[in-house]
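Chemist: What follows is each chain in one-letter form.
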Amino acid sequence: DQQVKQNSPSLSVQEGRISILNCDYTNSMFDYFLWYKKYPAEGPTFLISISSIKDKNEDGRFTVFLNKSAKHLSLHIVPSQPGDSAVYFCAARGRAGNMLTFGGGTRLMVKP
Amino acid sequence: ETGVTQTPRHLVMGMTNKKSLKCEQHLGHNAMYWYKQSAKKPLELMFVYSLEERVENNSVPSRFSPECPNSSHLFLHLHTLQPEDSALYLCASSHAGTGDGNTIYFGEGSWLTVV
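So the sequence lines, in the order shown, correspond to chains Z and X. Following my numbering, the numbering of the first sequence begins with 1 at its first residue and continues without gaps. Following my numbering, the numbering of the second sequence begins with 1 at its first residue and continues without gaps.
Hint data in this document are derived by calculation from the structure and do not stem from the laboratory. The beta-carbon is built from N, C-alpha and C at its ideal position, and this holds for glycine as well. Heads up, a few of these hints could be off.
The calculated SDA-like cross-link candidates involving lysine to any residue, where the alpha carbons are at most 25 Å apart (straight line), are [as the list claims (entries may be wrong)]:
| # | chain 1 | residue 1 | chain 2 | residue 2 |
| --- | --- | --- | --- | --- |
| 1 | Z | LYS37 | X | HIS10 |
| 2 | X | LYS41 | Z | ARG61 |
| 3 | X | LYS18 | X | HIS95 |
| 4 | Z | LYS37 | X | SER65 |
Simulated coverage check for chain Z against chain X, where a stretch passes if three residues somewhere in it have a Cβ under 8 Å from a Cβ of chain X [to be verified]:
| # | stretch |
| --- | --- |
| 5 | 35-46 |
| 6 | 98-112 |
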């Protein structure tokens, strides 16, 4: 049973608009959440993270929101740029060790 | 340039071969990981070494054998693999522990094809 789910396998957005990528989790023991970005033929690159004690973390164009009661997090990219086109993975970490559980990824395509 | 380097980047091996994947991290971390990414599946954790001791193996088949000789190097020894083991194998590293900001950094991966 997948504990971290990204229900949208793909998302297409116009350049300059907002991209919203969603992630749901089931394990209430997760206390730290991360977003990674992956280009083809490369490893995942860390993007932004959020601790369970916060509900928002912002870094430039990227903002992550956490709704603990709904067990839901989202990544907002504003404004979206063509270079943002990649696969985005959300990941969650439990309290028992620095081991990540990943979602299946969402492929974002930003059109010029 | 990535702080986590994997070699080889591509490997084709027969089912009776023995080969190894190598990973080296230059970030001063003391925990290293092997992840597997198969087609249309989430990244799966295979092995974790923290302070050079294996702490998790996630029921990985014995045809995959990890080795961590020191905190900077990690190997994945492969023998008698199956075609379904063809995947992208990702090495990662971090500081040991669960402090906030303790991010895991990935290498670029080794593409393995078993024929």
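Chemist: Look at each hint and say if it fits the structure.
Modeler: Structure-based check of each hint:
| no. | hint | result |
| --- | --- | --- |
| 1 | Z:LYS37 to X:HIS10 | holds (21 Å) |
| 2 | X:LYS41 to Z:ARG61 | violated (28 Å) |
| 3 | X:LYS18 to X:HIS95 | violated (31 Å) |
| 4 | Z:LYS37 to X:SER65 | violated (28 Å) |
| 5 | 35-46 | holds (count 7) |
| 6 | 98-112 | holds (count 8) |
In the structure shown, a violation is registered for the earlier hints numbered 2, 3, 4, in ascending order.
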